[in-house]
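Undergrad: Listed below are the residues making up each chain.
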Amino acid sequence: MSLLEIKNLHASVAGKEILKGITLTLEPGEVHAIMGPNGTGKSTLSNVIAGREGYEVTKGEVYLDGKDVLAMEADERARAGIFLAFQYPVEIPGVTTSAFLKTALNAKRRHEGKPEIDAMEFLKLVKAKTEKLGMPYDMIKRALNVGFSGGEKKRAEVLQMTMLEPRVAILDETDSGLDIDALRVVSEGVNSLRAPERAFLVITHYQRLLDYIVPDHVHVMAHGRIVESGGKDLALRLEAEGYAKYINAAA
Amino acid sequence: MTKSLILDHPFGASYAKQLGVAPWSGNLPGPKVEDWRFTPLRPLAKIPFAPAAADVDVDAIPRNVPTVPGAARIVLVNGLYRKDLSDKALGKGIALSQVRVQAKQGSSLVALNAAYAPESVAVHVSGAAAKIIHIVSIGAAGAQPTALHPRITITAETGASVTLVESHVGLPGQAYFSNPVASISVGEGASVRRYVSVDEDSEAFHLATSLVTVAAGGTFEAFHLGLGGALTRQEIRVVLTGENATVKLNGAYALGGQSHHDFTTVMDHAVPNCVSSQVFKGVVDGQSRGVYQGRIHVARDAQKTDARQLHKALFLSRGPQIDCKPELEIYADDVQCAHGATTGEIDPDHMFYLEARGIDPDTARALLVEGFLADAVNEISVEPVRDLFGNAIGTWLKTRGAA
Ligand SMILES: Nc1ncnc2c1ncn2[C@@H]1O[C@H](COP(=O)(O)OP(=O)(O)OP(=O)(O)O)[C@@H](O)[C@H]1O
Ligand SMILES: [Mg+2]
Numbered sequence: 000m001s002l003l004e005i006k007n008l009h010a011s012v013a014g015k016e017i018l019k020g021i022t023l024t025l026e027p028g029e030v031h032a033i034m035g036p037n038g039t040g041k042s043t044l045s046n047v048i049a050g051r052e053g054y055e056v057t058k059g060e061v062y063l064d065g066k067d068v069l070a071m072e073a074d075e076r077a078r079a080g081i082f083l084a085f086q087y088p089v090e091i092p093g094v095t096t097s098a099f100l101k102t103a104l105n106a107k108r109r110h111e112g113k114p115e116i117d118a119m120e121f122l123k124l125v126k127a128k129t130e131k132l133g134m135p136y137d138m139i140k141r142a143l144n145v146g147f148s149g150g151e152k153k154r155a156e157v158l159q160m161t162m163l164e165p166r167v168a169i170l171d172e173t174d175s176g177l178d179i180d181a182l183r184v185v186s187e188g189v190n191s192l193r194a195p196e197r198a199f200l201v202i203t204h205y206q207r208l209l210d211y212i213v214p215d216h217v218h219v220m221a222h223g224r225i226v227e228s229g230g231k232d233l234a235l236r237l238e239a240e241g242y243a244k245y246i247n248a249a250a
Numbered sequence: 000m001t002k003s004l005i006l007d008h009p010f011g012a013s014y015a016k017q018l019g020v021a022p023w024s025g026n027l028p029g030p031k032v033e034d035w036r037f038t039p040l041r042p043l044a045k046i047p048f049a050p051a052a053a054d055v056d057v058d059a060i061p062r063n064v065p066t067v068p069g070a071a072r073i074v075l076v077n078g079l080y081r082k083d084l085s086d087k088a089l090g091k092g093i094a095l096s097q098v099r100v101q102a103k104q105g106s107s108l109v110a111l112n113a114a115y116a117p118e119s120v121a122v123h124v125s126g127a128a129a130k131i132i133h134i135v136s137i138g139a140a141g142a143q144p145t146a147l148h149p150r151i152t153i154t155a156e157t158g159a160s161v162t163l164v165e166s167h168v169g170l171p172g173q174a175y176f177s178n179p180v181a182s183i184s185v186g187e188g189a190s191v192r193r194y195v196s197v198d199e200d201s202e203a204f205h206l207a208t209s210l211v212t213v214a215a216g217g218t219f220e221a222f223h224l225g226l227g228g229a230l231t232r233q234e235i236r237v238v239l240t241g242e243n244a245t246v247k248l249n250g251a252y253a254l255g256g257q258s259h260h261d262f263t264t265v266m267d268h269a270v271p272n273c274v275s276s277q278v279f280k281g282v283v284d285g286q287s288r289g290v291y292q293g294r295i296h297v298a299r300d301a302q303k304t305d306a307r308q309l310h311k312a313l314f315l316s317r318g319p320q321i322d323c324k325p326e327l328e329i330y331a332d333d334v335q336c337a338h339g340a341t342t343g344e345i346d347p348d349h350m351f352y353l354e355a356r357g358i359d360p361d362t363a364r365a366l367l368v369e370g371f372l373a374d375a376v377n378e379i380s381v382e383p384v385r386d387l388f389g390n391a392i393g394t395w396l397k398t399r400g401a402a
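Chains S and E, in that order, are what the protein sequence lines are.
By the count of numbering that gives the first Met the number 0, the first sequence reaches residue 250 at its end, each step adding exactly one.
By the count of numbering that gives the first Met the number 0, the second sequence reaches residue 402 at its end, each step adding exactly one.
Don't take every hint at face value.
[Unchecked claim] In silico SDA-like cross-links for lysine to any residue, where the CA-CA straight-line distance does not exceed 20 Å:
1. S:K101 <-> E:E369
2. E:K397 <-> S:A98
3. S:K140 <-> E:K82
4. E:K397 <-> E:S316
5. E:K397 <-> S:K140
6. E:K16 <-> E:K31
7. E:K130 <-> E:I46
[Said to hold, decoys possible] Where chain E lies over chain S, by a calculated footprint (3+ residues, C-beta under 8 Å):
8. 66-75
9. 98-109
10. 130-139
11. 237-243
[What the hints assert, rightly or not] Sample of chain S residues facing chain E (criterion: CB under 10 Å; computed from the structure):
12. N46
13. R78
14. Q86
15. V94
16. T95
17. A142
18. F147
19. Q159
20. I179
21. A181
22. V184
23. I225
FYI, nobody ran anything at the bench for these hints, they're computed from the structure.
Computed from a predicted model, the values in this text were never measured in an experiment.
Note that the Cβ used here is the ideal one computed from N, Cα and C, for glycine as well.
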């Protein structure tokens, strides 16, 4: 069975159709990259999969392990194993990163029938993960994303991902805002999670990321559709040629 | 006839007769009194309160009274000091006595208390108190609605230092009305931390007045929490009487059902070079009503005053009402004063972020509400107390907050 199956997905925002029939299948162990011009619907696709309100799915289906994703609430989708690393993570004052991480982790563990993680074990886990991502451990004492720099926010997203160990991770421009070293560290974080039972959907504007996180498939999205798919070489070609031909084709 | 006074109330001659004391000659403030515009007392006045019994059996301290680690407890039941329930050893630096209440002039509720309070529990602090003092006031109505008039006097000598926790709770049953008055004197260079939690029974009325003076170089840090009760008002009047005094007055409330909670503060900068800050935060749900009235008075001489005040309320549903009235009366010209007030709702983007990490909506909402209250609660500088108050809010959210 495919891990994530998106079939002819149509979705609108504020009455305007943004996704115009997306079909995409992620097999276990695969990394797919989506590239495409600004405003094409890449974040819309990731939000629709994650279950954000305000997006109306007008047609199509999404399945995770054969289960109907669109019938689930956002929190159920996450517990089922969908993870979205946000393009723009929100700042949440007053809620400490550690309280948040612990609550999220325990929600998942409860779902899996495991006991809550004990305080010491949790701290050890966070310590190990933050170290690996080159983040100061003290950061988890701060309010969630509040005052984090652009790059720190992206790292924090990856930290959450490595703690929650999702089945399908959607990374929405996680590379933008990262410095050169951070890009490598974050990519290593992602690569360390690559596993036969897991799949990634990596949205990016830069071929450079794909040197680190080498994709099995690259898709070009334009005007709410996947207009071309190929191997990792497609990313190199896009880098050289740009999107002109896709934009003109649809216009 | 007039709406400035409620003449028809149960605290007159027959009430006094039951106590064998001279009657209170005052009246309750009516809706035309500016300070009481948002908190109507007519429902209270209609209940035939009798004086609370002095000798009630209390087998156990109510469950919503936290155990403050390392604290010595002073327990009052129906306003009376209960030696049998209190700790004998209060630790170095603390002297406890019972003093007669002087019927001084004051607001009508202070006068009501003075008329009917038993002796005041007086805590005298010299040097650095070794233990946290935890004052527990329990309202125990009997078979009929009763009123109690607890009186607490705190005196911190020059250079003294103490942490006080106060829990106001009640036994479930008939309606009761608690009318506590606390007089707190912070001596020169003294430091008093006072953390008050009002978590009365859902049928209870609680109208508290705190009268605080802070002498030169003194520090007063207070946090007031309001969680339950039918109608609660915590009125806190602080006078900075000596230069270089610092006051941090903070509070939080969480209301559901039909609860009504009123924070009224008066920060009186009488002298120059003092600093005061106030952060009050509330969450409201159900059909509840929250009130914040904050007056800052800066006297003509009180140059270089730095006075700040902030009130923020979070609506968990559309039913509640918030009334906020900041008042700045500034007569000095070289001062820094700021006040702010906002109301809002939970941000759906915040909710989605938490839900997208697998957190169910109820838990997500509770996290966000606790987060909203955190910057007030985090002002509590004594860590174990901060944790206790945080936990009390957490419990409230889990058990009483309409999810
Ligand atoms: N809430 C909204 N209301 C109106 N239009 C919206 C809303 N959300 C998204 N859109 C529109 O949908 C389109 C697709 O946006 P989306 O964010 O999915 O693009 P994207 O491909 O992720 O772009 P980028 O590369 O710049 O991140 C855009 O035209 C955007 O303005
Ligand atoms: Mg985007």
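Undergrad: Each of the hints needs a verdict: does it hold here or not?
TA: Hints, one by one, checked against the model:
1. S:K101 <-> E:E369: holds, 15 Å
2. E:K397 <-> S:A98: Within the cut-off at roughly 16 Å; holds.
3. S:K140 <-> E:K82: violated, 43 Å
4. E:K397 <-> E:S316: holds, 16 Å
5. E:K397 <-> S:K140: With Cα atoms ~24 Å apart, K397 of chain E and K140 of chain S exceed 20 Å; violated.
6. E:K16 <-> E:K31: violated, 30 Å
7. E:K130 <-> E:I46: Violated - the C-alpha atoms of I46 of chain E and K130 of chain E are around 40 Å apart, more than 20 Å.
8. 66-75: holds (count 3)
9. 98-109: holds (count 6)
10. 130-139: violated (count 0)
11. 237-243: The restraint on the region 237-243 of chain S is violated, since only 0 of its residues have a Cβ under 8 Å from chain E and three are required.
12. N46: holds, 9 Å
13. R78: holds, 4 Å
14. Q86: violated, 12 Å
15. V94: holds, 4 Å
16. T95: holds, 8 Å
17. A142: holds, 7 Å
18. F147: violated, 13 Å
19. Q159: Since the shortest Cβ distance to chain E is 6 Å, the answer is holds.
20. I179: violated, 28 Å
21. A181: Nearest chain E Cβ about 22 Å off; hint violated.
22. V184: It is violated, given that the least Cβ distance between V184 of chain S and chain E is near 22 Å, above 10 Å.
23. I225: This hint is violated: I225 of chain S lies away from chain E, its Cβ roughly 24 Å from the closest one there, beyond 10 Å.
The structure shown violates the earlier hints numbered 3, 5, 6, 7, 10, 11, 14, 18, 20, 21, 22 and 23.
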